[in-house]
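Using the sequences and the hints, build the whole thing.
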Amino acid sequence: MSALHTAERSALETFRRGLNLSPEFRRGLAGTLALAVLATAGRVIIPIAVQQVIDNGLAGPEPDVGFVRAAVLACALAVVLTTVCAYLMNVRLYRSSESGLATLRRKGFRHVHDLSVLTQNSERRGALVSRVTSDVDQISQFMQWGGLVIIVSVGQLLVATVLMAAYSWQLTLLVWAVFLPLTFALPRFQRLIARAYLRVRERTGDMLAAISESVVGSAVIRAYAAEDRTARRIDEAVEAQRKAQARAQTIIALTFPLTEVVAAVAVAAVVLAGVRLGVDGSISRGQLVAFLFLITLFISPLQTATEVLNEAQNAISGWRRVLAVLDTPPDVADPGPDGRTLPRGPIGVRFEHVSFAYPGGPPVLHDVDVEIAPCTKVAVVGETGSGKTTFAKLLTRLMDPTEGRVLLDGVDLREIRFSSLRERVVMVPQDGFLFDGTLAENIRYGRPDATDADIELAITELGLADWVAGLPAGLDTPVGQRGESLSAGERQLVALARAYLADPDLLLLDEATSAVDPATEVRLARALEGVTRGRTAVSIAHRLSTAEAADEILVFDRGRIVQRGPHAELVAQPGVYADLYASWTSGTRS
Amino acid sequence: MIRSTERNRPNSRGIIGVATKVSPAVMRKGIQVIWVAIRSEPMRFTVAVLASALYGTMTVASSWALGWATENVVFPAFAEGDVATATMAAGALLIVGTALLKAIGIGGRRAFAGFVQYRMQARSRRDVTRQYLRLPLAWHHRHPTGQLLSNASSDVEAAWAPLAPLPMALGVVVMLVTAAVAIVLTDPLLALVGFLVFPAIFLLNVVYQRRLSPLATRAQQLRAEVSEIAHESFDGALVVKTLGREDAEAARFAAKANELRDANIAVGRVRGLFDPLLDAMPTLGVLAVLLVGTLRLEAGGITAGELVQVAYLFTLLAWPIRALGWVLGELPRSVVGWTRIRHVLDATGSMTYGTARLTGTGPAHLEVRDLTYGYDPEAPVLDGVSFEARPGRTVAIVGPTGSGKSTLAQLLVRLIDPQRGEVRLDGVDLRDVERGGVSAVAALVPQQTFLFDDTVRGNVTLGLPGITDERVWAALRLAQADGFVSALPQGLDTRVGERGSSLSGGQRQRLALARALARSPRLLVLDDATSSVDAQVERRILEGLREAGGAATVIVIAYRMATIALADEVVYLERGRVVDRGTHEELLARCPGYRDLVTAYEREEAERAALRAQEEKPAGEVVADAAEGVGEPEEVAGR
Ligand SMILES: Nc1ncnc2c1ncn2[C@@H]1O[C@H](COP(=O)(O)OP(=O)(O)OP(=O)(O)O)[C@@H](O)[C@H]1O
Ligand SMILES: Nc1ncnc2c1ncn2[C@@H]1O[C@H](COP(=O)(O)OP(=O)(O)OP(=O)(O)O)[C@@H](O)[C@H]1O
Ligand SMILES: [Mg+2]
Ligand SMILES: [Mg+2]
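Going line by line, the protein sequences match chains X and V. According to numbering that gives the first Met the number 0, the first sequence is numbered sequentially starting from 0. According to numbering that gives the first Met the number 0, the second sequence is numbered sequentially starting from 0.
Be careful, since some hints might not be right.
Said to hold, decoys possible - Derived DEER-like restraints, expressed as beta-carbon distance ranges:
(1) Pro345(X) x Gly435(V): 53 to 63 Å
(2) Pro362(X) x Arg251(V): 32 to 42 Å
(3) Arg209(V) x Val83(X): 17 to 27 Å
(4) Pro471(X) x Met26(V): 54 to 64 Å
(5) Arg476(V) x Ala332(X): 41 to 51 Å
(6) Ala254(V) x Pro362(X): 55 to 65 Å
To be verified - Derived contacts from chain V toward chain X, CB cut-off under 7 Å, selection only:
(7) Val73
(8) Gly80
(9) Leu175
(10) Thr177
(11) Ala190
(12) Phe194
(13) Phe197
(14) Ala256
(15) Ile264
(16) Ser485
(17) Val532
(18) Ala599
(19) Glu604
(20) Ala605
(21) Ala608
Because the hints were derived from the structure by calculation, they are not lab data. These numbers were taken from a predicted model, which means no experiment stands behind them. In this text, a Cβ means the ideal position worked out from N, Cα and C, and glycines have one as well.
In structure tokens, the structure reads:
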């Protein structure tokens with residue numbers, strides 16, 4: 000389904016790419032690592048202290064209290080130093096990793112907006128959002144804890160091994176021999192756990208989607224008494240998620256304590272073998288006891304290993320998902336600085352043998368070849384599904400044609416810089432999406448530097464002043480999420496005012512006033528006409544009043560332009576337009 | 000540095016910064032929340048606690064086993080050069096045996112603590128969503144979508160988060176008590192060290208969580224805000240693109256992301272300080288044990304083996320003891336999450352149903368009396384609306400944008416209940432009708448098309464039992480949707496995408512229409528249901544309805560004359576009041592507001608024709624003519 004790029008890339012390569020994306024990760028890494036080494040070294044204090052106390056302090060018939068006191072003091076000092084090192088390391092780590100993650104989020108977010116609408120729509124909204132939120136959070140666990148634990152654990156294993164070997168190489172071999180099977184088993188367990196968690200994540204996604212239906216579709220669900228069916232769907236999803244979680248937990252519960260048992264076997268083996276070696280005189284009793292303490296040091300990396308490996312894999316998959324966004328080349332790309340900037344003024348449009356098919360679908364536009372002269376008012380009409388919206392999306396370069404090209408003032412759309420294009424061409428889509436804020440904030444969205452006076456002027460010019468005055472807080476009325484606290488028509492009014500204030504050279508209305516009452520629509524049309532004189536205007540509408548007023552009408556039928564010309568001409572000849580018009584007037588004329 | 004590997008950190012959205020500190024009030028409330036869980040899952044919870052207690056006891060026992068082995072195997076062997084095989088075997092068995100039991104304890108605790116937590120989550124999610132489905136639409140109007148979604152996801156997670164570490168914490172209490180007894184039995188003076196160190200660790204934990212909670216809550220809140228911005232911004236991607244506002248959106252997001260970064264760093268600072276401190280405490284404890292132990296050894300109070308045992312015990316206790324801190328740390332968030340869930344669960348005003356059955360057949364009889372409704376009860380958007388639709392009749396509701404038509408439509412099928420007045424179907428007040436009774440009789444096609452991410456068939460039937468494919472096709476045919484549906488790659492089984500994104504606007508609308516027609520309703524309410532459909536298709540739909548006709552009473556909200564002309568009666572609304580009722584012709588004749596509204600196109604065209612005719616004339620006359628041609632509709636309207 001998703002059109003996002005999914006490269007087969009090795010874990011290491013992903014990791015490298017991930018680190019390169021956020022240079023902050025590497026900042027001061029050497030210092031952090033040095034602190035980490037010191038902090039870890041502190042862990043051998045206890046085994047050494049125990050060994051020293053037993054072998055030197057308690058060796059004689061009488062304990063050597065003076066020695067023990069000195070040893071304990073020295074060790075305490077070391078503990079304090081280690082703690083300070085650990086603190087410094089943590090602070091550095093948090094700072095660099097959080098900065099790096101913020102960078103990743105920002106880059107990912109920006110890139111999502113660079114992708115074409117088609118690519119964006121190939122993913123569930125929620126999934127797209129998680130690519131800059133929870134997927135990035137997944138990396139943070141690893142960067143702040145797991146990554147270092149891997150380094151430190153390896154270090155700890157090495158240090159413990161070296162120290163153990165210093166005490167007795169035979170016992171060291173024994174310990175390794177006992178643990179070796181575990182080191183083979185752990186990656187297997189980890190894969191098992193990772194798969195289980197992947198399932199949990201998928202089920203969680205399904206569950207959230209099911210839950211969101213009950214909220215977003217609340218009106219439809221009630222109107223059709225679909226409560227039971229919705230509840231059933233939710234129950235199934237919730238139960239599936241619970242089962243997946245329980246399964247993952249069971250796997251962990253079965254594998255996690257294993258190290259505990261293996262460690263005990265190692266301890267028992269060391270005690271038994273150590274005693275034999277001790278009898279031979281090749282190891283002191285303090286060394287043997289210290290060895291037992293070292294084993295606890297030895298198992299803690301292994302105990303956390305599955306968890307750490309899991310974090311590592313989570314981080315890799317998090318990176319993969321963010322990289323999938325960043326690696327997807329914007330199929331409708333901004334030519335950037337190489338592109339052309341068009342001077343402002345009336346715009347002419349030319350479609351040159353344009354064909355279009357949605358990905359994986361049949362062609363919906365066939366060889367559309369048409370010219371729209373500057374300063375004309377063009378109406379686009381046609382049956383439902385005939386390709387009008389598709390035409391609009393190509394004209395505003397939300398998509399690129401499969402064949403042919405679209406020219407603006409003779410320049411291929413693909414060569415025009417987005418900053419210039421968006422300033423000159425603005426489309427008002429049918430569902431007036433509003434942001435959660437006030438009316439004024441939404442209207443200003445198209446031109447952030449507009450003053451309150453500008454907004455009021457625009458409102459007045461569009462003849463909406465009375466309507467705004469009738470609202471409880473005027474321009475400061477909150478519109479609610481997606482504009483939910485306005486009526487459908489009111490939402491369209493705001494969306495139109497927003498585009499109007501943006502003041503483009505070509506205004507494209509895709510059924511932008513379909514829910515507005517006729518009187519208001521006529522008033523709006525007249526206001527726009529005043530403005531669009533000297534500008535180009537393209538409007539798509541099922542209400543043919545718009546077509547009657549246009550300089551030229553483009554009639555779409557099954558993806559082709561079958562007729563074009565002014566109203567008077569088209570209505571006189573038999574054809575699609577005459578039919579459309581007949582059914583329109585049969586209703587509107589009393 | 001070994002951080003809470005046991006703790007799962009839910010991605011909680013939207014915990015507002017209330018009650019974020021570990022205070023006595025929060026503790027009390029938190030215990031209440033936990034009590035709810037214990038009462039709901041007593042068996043599993045008990046198993047988890049027992050397993051945890053086993054783990055706690057065996058942790059202490061394992062140090063005792065090691066001490067025993069040191070005392071009876073290692074030291075004698077070094078002293079005497081040999082030791083009985085039986086003793087050695089016993090030592091090894093003790094060590095491995097306690098470890099096995101401990102492992103069972105760990106596994107059991109983890110599994111069952113998880114089971115309890117997940118069951119409670121699932122239970123809460125079911126309860127919360129059931130409530131969403133039960134509560135009236137008016138309640139939904141008052142609560143933003145995002146908030147409701149986070150209630151069911153992250154708030155639920157937060158509420159039950161303490162359940163994961165809780166059994167472990169209880170096990171730790173057992174462990175501490177056992178350890179205390181073990182040490183006291185070994186040597187009371189050595190125990191003194193323990194009694195200093197353990198409370199110190201506990202206190203440090205309390206301080207830690209008090210410092211951390213507010214910061215963590217803030218970070219959590221910001222995480223929710225970051226996600227909200229991303230959601231809204233991606234939702235409105237089309238607007239962002241068409242207005243070229245990508246950079247501004249990126250800046251808005253970056254500002255929040257940076258705030259989140261700073262909040263996380265602040266959290267990191269506290270964690271970075273307290274984690275190493277908590278690690279250092281038991282280490283210092285061991286050193287103290289060694290020192291005091293040596294003195295006690297000198298005095299003959301203990302043996303060397305006991306000293307090793309106590310020292311080992313300290314290293315073992317260091318980590319689990321922090322489980323107490325995790326529970327403390329999760330409590331404030333849990334309390335906030337639970338409070339928000341309760342807010343949903345305790346919400347009243349859920350629709351009450353009567354027992355009346357609507358048994359009639361054929362078109363329904365609709366009476367509307369004195370309906371008054373306001374999203375804010377102080378400012379009604381509908382005020383004293385009354386009209387009647389006799390069986391089989393078609394009534395058109397007409398009114399300017401924002402006059403309250405959609406609100407009225409929702410009242411007619413009882414999506415919301417009026418603040419005053421009543422809607423009667425076949426003489427029965429909708430509020431007296433049994434549950435599910437209204438929707439079995441009346442169908443609304445809302446103005447805002449909503450399609451589920453499901454197949455075409457699923458969207459039409461919405462799970463209604465007994466709808467055959469023939470009936471689905473018949474409905475699609477009536478809605479003029481059969482043509483494009485049969486052209487879809489998988490026909491009825493084609494998935495339509497999120498909110499129907501792979502269909503054109505008119506196609507979506509026709510599916511919504513088919514959904515209503517498939518149930519052969521006795522009352523059909525069409526709220527601007529053909530706005531995205533061209534006149535020809537609309538005409539065919541209307542003709543189809545009329546042919547199938549007489550079967551339903553139809554309330555139609557529309558502006559198109561074709562639709563209105565079909566109606567037997569027109570109700571003209573303005574600012575929530577009925578201005579006039581009558582046939583289309585009557586209203587045209589006597590209601591100026593109505594006339595202005597429905598004849599706007601005609602007058603517009605007449606004016607244009609006049610303009611065209613006068614184009615040859617001098618410019619001055621044109622202006623005069625135009626000014627006289629059309630009155631300002633708004634001013635004439637309904638005064
Ligand atoms: N995202 C998409 N993916 C696949 N097919 C699509 C997509 N959007 C539209 N189509 C198909 O392309 C065809 C043309 O759609 P378009 O939206 O351009 O029609 P339209 O003329 O605007 O219709 P309407 O009047 O209903 O808005 C339709 O058959 C539609 O099903
Ligand atoms: N959820 C809501 N919360 C608060 N106010 C609302 C809400 N929905 C609608 N309103 C307000 O109530 C009034 C009536 O809205 P309604 O949707 O019923 O109008 P309408 O007649 O259907 O308009 P339209 O022709 O634009 O569809 C409007 O002023 C609108 O702003
Ligand atoms: Mg369209
Ligand atoms: Mg409405």
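Structure-based check of each hint:
1. Pro345(X) x Gly435(V): 53 to 63 Å: holds, 59 Å
2. Pro362(X) x Arg251(V): 32 to 42 Å: Since the Cβ atoms of Pro362(X) and Arg251(V) sit about 38 Å apart, the hinted range of 32 to 42 Å holds.
3. Arg209(V) x Val83(X): 17 to 27 Å: Holds, at about 23 Å.
4. Pro471(X) x Met26(V): 54 to 64 Å: violated, 43 Å
5. Arg476(V) x Ala332(X): 41 to 51 Å: holds, 44 Å
6. Ala254(V) x Pro362(X): 55 to 65 Å: violated, 44 Å
7. Val73: Result: holds, 6 Å to nearest chain X Cβ.
8. Gly80: Holds: closest Cβ of chain X sits about 5 Å from Gly80(V), inside 7 Å.
9. Leu175: violated, 19 Å
10. Thr177: violated, 18 Å
11. Ala190: With a minimum Cβ separation of about 18 Å from chain X (threshold 7 Å), the hint on Ala190(V) is violated.
12. Phe194: violated, 19 Å
13. Phe197: violated, 17 Å
14. Ala256: Ala256(V) check passes; min Cβ-Cβ to chain X is 5 Å, inside 7 Å.
15. Ile264: Holds, about 5 Å.
16. Ser485: violated, 13 Å
17. Val532: holds, 6 Å
18. Ala599: Since the shortest Cβ distance to chain X is 4 Å, the answer is holds.
19. Glu604: Constraint on Glu604(V) satisfied, holds at 6 Å.
20. Ala605: violated, 11 Å
21. Ala608: violated, 9 Å
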